[in-house]
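Just so you know, the sequences run in chain order A and B.
For what it's worth, this note's numbering labels the leading residue of the first sequence as 1, then goes sequentially.
For what it's worth, this note's numbering labels the leading residue of the second sequence as 1, then goes sequentially.
Read the hints as simulated data drawn from the structure, not as lab findings.
Hints may be right or wrong, so weigh each one.
From chain A, some residues computed to sit far from chain B (all C-beta separations above 10 Å) [unchecked claim]:
| no. | residue |
| --- | --- |
| 1 | Leu60 |
| 2 | Ala123 |
| 3 | Ala146 |
| 4 | Leu274 |
Subject to a maximum C-alpha distance of 16 Å in a straight line, what follows is the list of computed EDC-like cross-link-like pairs (lysine to aspartate or glutamate) [stated by the list, open to error]:
| no. | chain 1 | residue 1 | chain 2 | residue 2 |
| --- | --- | --- | --- | --- |
| 5 | B | Lys193 | A | Glu193 |
| 6 | B | Lys376 | B | Glu129 |
| 7 | B | Lys193 | B | Glu223 |
| 8 | A | Lys133 | B | Asp278 |
Chain A side only, calculated, beta carbon under 7 Å to chain B, not exhaustive [said to hold, decoys possible]:
| no. | residue |
| --- | --- |
| 9 | Gln11 |
| 10 | Asn14 |
| 11 | Leu18 |
| 12 | Gly130 |
| 13 | Thr211 |
| 14 | Ser298 |
The beta-carbon is built from N, C-alpha and C at its ideal position, and this holds for glycine as well.
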Amino acid sequence: MDLFLMQIPQQIVNGVTLGSVYALLALGYSMVYGVLKMLNFAHGSVFMVGAFAGWGVLSLLAPGSVLAINPALALLAMVAAGTAATALLGATIERLAYRPLRGGSRMAPLISALGVSIILENAAMLLTSGRAKTYQTELIFPQTWAVHVAGATISATRIAMLASSMAIMIILDMVVSRTRFGRAMRATSQDAEAAEYIGIRTAAVIAGTFTIGSALAGVAGVMVGLYYTQIDFMIGFSAGLKAFTAAVLGGIGNFRGAAAGGLLLGLAESIGVLVAPPVYKDAIVFAVLIITLILRPSGLLGKQMRARA
Amino acid sequence: MKARQFGCFNSGSLHRVFIVSVTFAVCAALALLPGAGLVHSAASLPSIKIGAAGPYSGDLSKIGLDGLNAIKMAVEEANAAGGVRGRKIEIVEADDAGDSSKAILVAEKLAMDRAVLGVVGPMNSSTVEAALPTYQRAGLAIISQSATKPSLTEAGYKVMHRICPRDDAQGPASAKFIVEVLKAKNVYIIDDKTAYGQGLSDEVEAALKAAGVKPVRSQITLEDRDFSPILTRVRAAKPDLLYLGLANPAQAASIIKQAAGLGISVRFMGGDGLKEKDQLIAGSAGLAEGMYVTTIGRDITEVPEAAEFIRKFEGKFGAMSVFSGQTYEATNILIDAMRRASADPSKLTRALVLEALGKTAGYKGILGFPISFDSKGDVIGAGIYVYQVKGDDFVLVR
Chain A
1 MDLFLMQIPQ QIVNGVTLGS VYALLALGYS MVYGVLKMLN FAHGSVFMVG AFAGWGVLSL
61 LAPGSVLAIN PALALLAMVA AGTAATALLG ATIERLAYRP LRGGSRMAPL ISALGVSIIL
121 ENAAMLLTSG RAKTYQTELI FPQTWAVHVA GATISATRIA MLASSMAIMI ILDMVVSRTR
181 FGRAMRATSQ DAEAAEYIGI RTAAVIAGTF TIGSALAGVA GVMVGLYYTQ IDFMIGFSAG
241 LKAFTAAVLG GIGNFRGAAA GGLLLGLAES IGVLVAPPVY KDAIVFAVLI ITLILRPSGL
301 LGKQMRARA
Chain B
1 MKARQFGCFN SGSLHRVFIV SVTFAVCAAL ALLPGAGLVH SAASLPSIKI GAAGPYSGDL
61 SKIGLDGLNA IKMAVEEANA AGGVRGRKIE IVEADDAGDS SKAILVAEKL AMDRAVLGVV
121 GPMNSSTVEA ALPTYQRAGL AIISQSATKP SLTEAGYKVM HRICPRDDAQ GPASAKFIVE
181 VLKAKNVYII DDKTAYGQGL SDEVEAALKA AGVKPVRSQI TLEDRDFSPI LTRVRAAKPD
241 LLYLGLANPA QAASIIKQAA GLGISVRFMG GDGLKEKDQL IAGSAGLAEG MYVTTIGRDI
301 TEVPEAAEFI RKFEGKFGAM SVFSGQTYEA TNILIDAMRR ASADPSKLTR ALVLEALGKT
361 AGYKGILGFP ISFDSKGDVI GAGIYVYQVK GDDFVLVR
């Protein structure tokens, strides 16, 4: 029993850290669903590309495992590379794989998204010959930088992850609620046709949403690389699945819901390990999803659908 | 320019057509000459095909692709040396992605291609297990370089051969080392739910229990990337040894690094699948220092006969992977069996290859011990060794 209680603080820390990554990814899912009503299944692969971009910069800056510049600057460069790569990729995918299909069958972009994700994953496999790549996290956050609270070890990596994802979510919330672009985005999400009538260039809004959502995935990719200390071409698959789950859990299309869903999912995964064998952690995640959807079919913070007459 | 492109009846091409037809006619006439006393010229016989089954995509693709490279190298060399009594050898790649259901599909594909006379692989115990009935039905001999689950050769499948010792040799040897040399009292075992990882861990656990050490077990999956939840459990259990029954060395490296991040200091040990410099030692940024791994046979870098292979392989494909040497050896044993199977290369059949493969005895290749198969298809003569990570290499300790 003592053994059990001892683990609780650490598992909460584990859960919140992981949850913050899921939240960032779920936000990207939710934003795209909001404006397009489509599930962007390529999101996980975009996240993977972001992780590799960050890795590329880190290995360029640290040949022979010695960092050539200030660690803070290196981190900044990694995040910049991750977001730039994914923002560009997101915009390109939208232009090439989704926009030509708009107005067609609802299934078409979904299939296209799956195709894009397969292409990206296989391209990454060929480029890395299937090898896992090591993130030299210790060059930026030495292992010894850690806080010990109530038996939980909170490493600097985790603190940085939490702080930056919180900051990003607050900024995004402000962008959506306060800026012109945010208003245009909300209008497009409520009724794209009407938004077009009142002079909103919905195509530009959609492209912008894709770019921002993908950039978030890029940040998440760099974070996960630093946190897991290792990345490979398959990391996007399960991360994408979890992010999708988090988005649905929070009420898809709802931004605050996505953030809440991500955190809840991360916590469920690590707290669940306390009571069940670790191998069931994904089962626990999906059990949480199913139970939530039975109790609240439109997710935690999703609008309750009114029955249409 | 244009006129020339379209003028297909100019004299040059007519001339060529003539030569080609005459050559054809002469060849056909020669081939059809009845009872001219000529055996089929071997070059005119169709190629022999070898199936190469393994995980060439997905989580285990690194290990798989390095294996495939070794197969390609062995076949290239064999072809340069005349193939199988003059018949050329071709490789049919069969990617199972380490997935049991795909392993069955690709086995069906290989079984249907009548020119395929033998298969190198599959590599994983799980994929071999799934595909064995199909290969058995087709009478297609397989030789696995790395499937160690004991039951694979116990189910009476005649087509099954392997050049790696079984987990019930490796498991008890590991447990003996843990108890007698490391004197660990509190052991935690993590396996990855694969037939290999779980099977090996079962053997280690059983042998530890028999020696009076009761290990704690937990499982992860091949898809897992975040090990903080399970490592938090490990930390609470305060083990003095963490045994990693994993198929993917990259995953092991990730666990070792994440354990350090949680402030866990414990000795690590793993099976033959983890002995990989690139992914385990370099991948863990030095944190795998002191880790023990068991191996099947000696490290081939210590075998003089393997020096040539290693030089050529690394010159061509970069650092060797854990099963590159075993895959190369398995391919060569299969080709050797094909050469022995029939004096007349045109009469080579799956049944003859299967028979010859089973009779392999004292084959001397690059693994440092003569390879023979027992009646079940298990390898005879391989030993289990323990290596330890020191600096950027594995050092033999026992």
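These are the hints, each one checked on the structure:
1. Leu60: Holds, because the least Cβ-Cβ distance between leucine 60 (chain A) and chain B comes to about 17 Å, which exceeds 10 Å.
2. Ala123: 12 Å, holds
3. Ala146: Nearest chain B Cβ is 7 Å from alanine 146 (chain A), so the label is violated.
4. Leu274: 8 Å, violated
5. B:Lys193 / A:Glu193: 51 Å, violated
6. B:Lys376 / B:Glu129: Holds, at about 15 Å.
7. B:Lys193 / B:Glu223: 11 Å, holds
8. A:Lys133 / B:Asp278: 10 Å, holds
9. Gln11: Hint on glutamine 11 (chain A): holds, closest Cβ of chain B at ~6 Å, below 7 Å.
10. Asn14: Nearest chain B Cβ about 4 Å off; hint holds.
11. Leu18: 6 Å, holds
12. Gly130: 3 Å, holds
13. Thr211: Constraint on threonine 211 (chain A) not satisfied, violated at 26 Å.
14. Ser298: Nearest chain B Cβ about 29 Å off; hint violated.
Of the numbered hints listed earlier, those contradicted by the structure are 3, 4, 5, 13, 14.
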